[in-house]
Amino acid sequence: MHDALLAAYGPQHWWPAKTRFEIILGAYLTQNTAWKSVERSLANLRAARALSIAGLRRLTQAELAALIRPSGFAARKSAAICAFLDFLECEYAGSLNKMSAAPTAMLEQKLLALPGVGPETAHAILLYALGHPIPVADEYLRRICERHHLLPAPLVKNHRTYSQLHALTQLAFAAEAPAAHRLHFNEFHALTVAVGKAHCGRTAQCAGCPLAFDLGKNHAPAIHRSQ
DNA sequence: CGCCAGGCCGTGT
DNA sequence: ACACGGCATGGC
531 MHDALLAAYG PQHWWPAKTR FEIILGAYLT QNTAWKSVER SLANLRAARA
581 LSIAGLRRLT QAELAALIRP SGFAARKSAA ICAFLDFLEC EYAGSLNKMS
631 AAPTAMLEQK LLALPGVGPE TAHAILLYAL GHPIPVADEY LRRICERHHL
681 LPAPLVKNHR TYSQLHALTQ LAFAAEAPAA HRLHFNEFHA LTVAVGKAHC
731 GRTAQCAGCP LAFDLGKNHA PAIHRSQ
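Start counting at 1 in the first sequence, then tack on 530, and there's your number in my numbering.
Keep in mind that the hints were calculated from the coordinates and are not lab data. C-beta: ideal position from N, C-alpha, C; glycine also. Hints are not guaranteed to be accurate.
What the hints assert, rightly or not - Using C-beta positions, here's what the derived DEER-type ranges look like: (1) Ala537 to Ala704: 20 to 30 angstroms; (2) Thr590 to Arg570: 17 to 27 angstroms; (3) Ala605 to Trp565: 37 to 47 angstroms; (4) Thr590 to Lys548: 23 to 33 angstroms; (5) Ala737 to Arg587: 16 to 26 angstroms; (6) Gln735 to Ala584: 21 to 31 angstroms; (7) Ala683 to Lys548: 38 to 48 angstroms; (8) Thr549 to Ala605: 21 to 31 angstroms; (9) Lys640 to Ala584: 13 to 23 angstroms; (10) Pro682 to Glu593: 20 to 30 angstroms; (11) Ala596 to Pro682: 43 to 53 angstroms; (12) Ala742 to Pro682: 19 to 29 angstroms.
As the list claims (entries may be wrong) - Result set (BS3-like, lysine-lysine): computed pairs, CA atoms no more than 27 angstroms apart in a straight line: (13) Lys640 to Lys548; (14) Lys687 to Lys548; (15) Lys566 to Lys727; (16) Lys548 to Lys628; (17) Lys687 to Lys727; (18) Lys687 to Lys640; (19) Lys628 to Lys640; (20) Lys548 to Lys727; (21) Lys566 to Lys548.
Construct the entire structure; sequences and hints are all you get.
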């Protein structure tokens, strides 16, 4: 899948943000929200000089909510982002450097305990903002695996399925690319989103999908057996 | 207009 | 455990 998508789309250069903190904000803001809308919120934050930890800390939650309004769910997302800032301040003296030095499993546990952070957001922060080697699964990957029968049906959308998709990605890359996990996880999720946007939305657009042929022909049996 | 988006959470069963 | 609905806004 990774190779077929990379050949079709090329390197994605993810995450589309400059700083680690901006990546974290994007991870929160893009929850069930089009990235285009997230960009509007980030532009508002930039204009308000609130794209940095210190800058954002100067805002009240209500002010933050007003700025991120374009990306929806502002009440919940602003509360979640404020909770993250408090967490970062209390646990790591406000330093993403210190935070990223902690063990992956511990960070995952702490992130998941925060409000508004589920598995995808936690893993996206770990991989793209903190540089930890961990796969990110999402709704696109679930649909892709569902439509290509890479996991036993039905592939319902719930927490257990997320874990299976996450584990499947981990196992598949561990088997084929043990030395380059982080880079592959990084690129793979970006490519997943690229092909998902084009061909695997809620309504299928299968025509021209680069996975339509390659996936089933070369890798489906082996991936299927690995659970 | 109606459908959809790079989820998460509370509630009911 | 799992199904199901709410959450909000803007793009297409």
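Given the range 21 to 31 angstroms, decide if the beta-carbon distance of Gln735 to Ala584 lies inside it.
-> Given about 43 angstroms between the Cβ atoms, the range is violated.
Is it true that the C-beta distance of Ala683 to Lys548 lies inside 38 to 48 angstroms, as the hint says?
-> holds (41 angstroms)
Assess, step by step, whether the Cα of Lys548 is no farther than 27 angstroms from the Cα of Lys628, and give holds or violated.
-> holds (19 angstroms)
Taking 27 angstroms as the top limit, are the C-alpha atoms of Lys687 and Lys548 close enough?
-> Judged against 27 angstroms, a Cα distance of about 32 angstroms means the pair is violated.
Return holds or violated for the Cβ distance of Ala737 and Arg587 against the range 16 to 26 angstroms.
-> violated (48 angstroms)
Cβ separation of Ala742 and Pro682, checked against the hinted range 19 to 29 angstroms = holds (21 angstroms)
Is 23 to 33 angstroms a correct range for the gap between the Cβ atoms of Thr590 and Lys548?
-> Holds, since Thr590 and Lys548 (Cβ atoms, about 25 angstroms apart) stay within the stated range.
Quick one: are Pro682 and Glu593 within 20 to 30 angstroms, going by C-beta?
-> violated (48 angstroms)
Distance restraint hint 20 to 30 angstroms, applied to the beta-carbon atoms of Ala537 and Ala704 = holds (22 angstroms)
For the pair supplied as a hint, Lys640 and Lys548, confirm whether the alpha-carbon distance does not exceed 27 angstroms.
-> holds (24 angstroms)
Given the hint that Lys628 pairs with Lys640, test it: the Cα-Cα distance must not exceed 27 angstroms.
-> Between Lys628 and Lys640 the Cα gap is close to 14 angstroms, so the pair holds against 27 angstroms.
Pair hint outcome, Lys687 versus Lys727 [Cα-Cα no greater than 27 angstroms] = Holds: Lys687 and Lys727 sit about 18 angstroms apart, inside 27 angstroms.
Hints 3, 5, 6, 10, 14, counting from the list given before, are not met by this structure.
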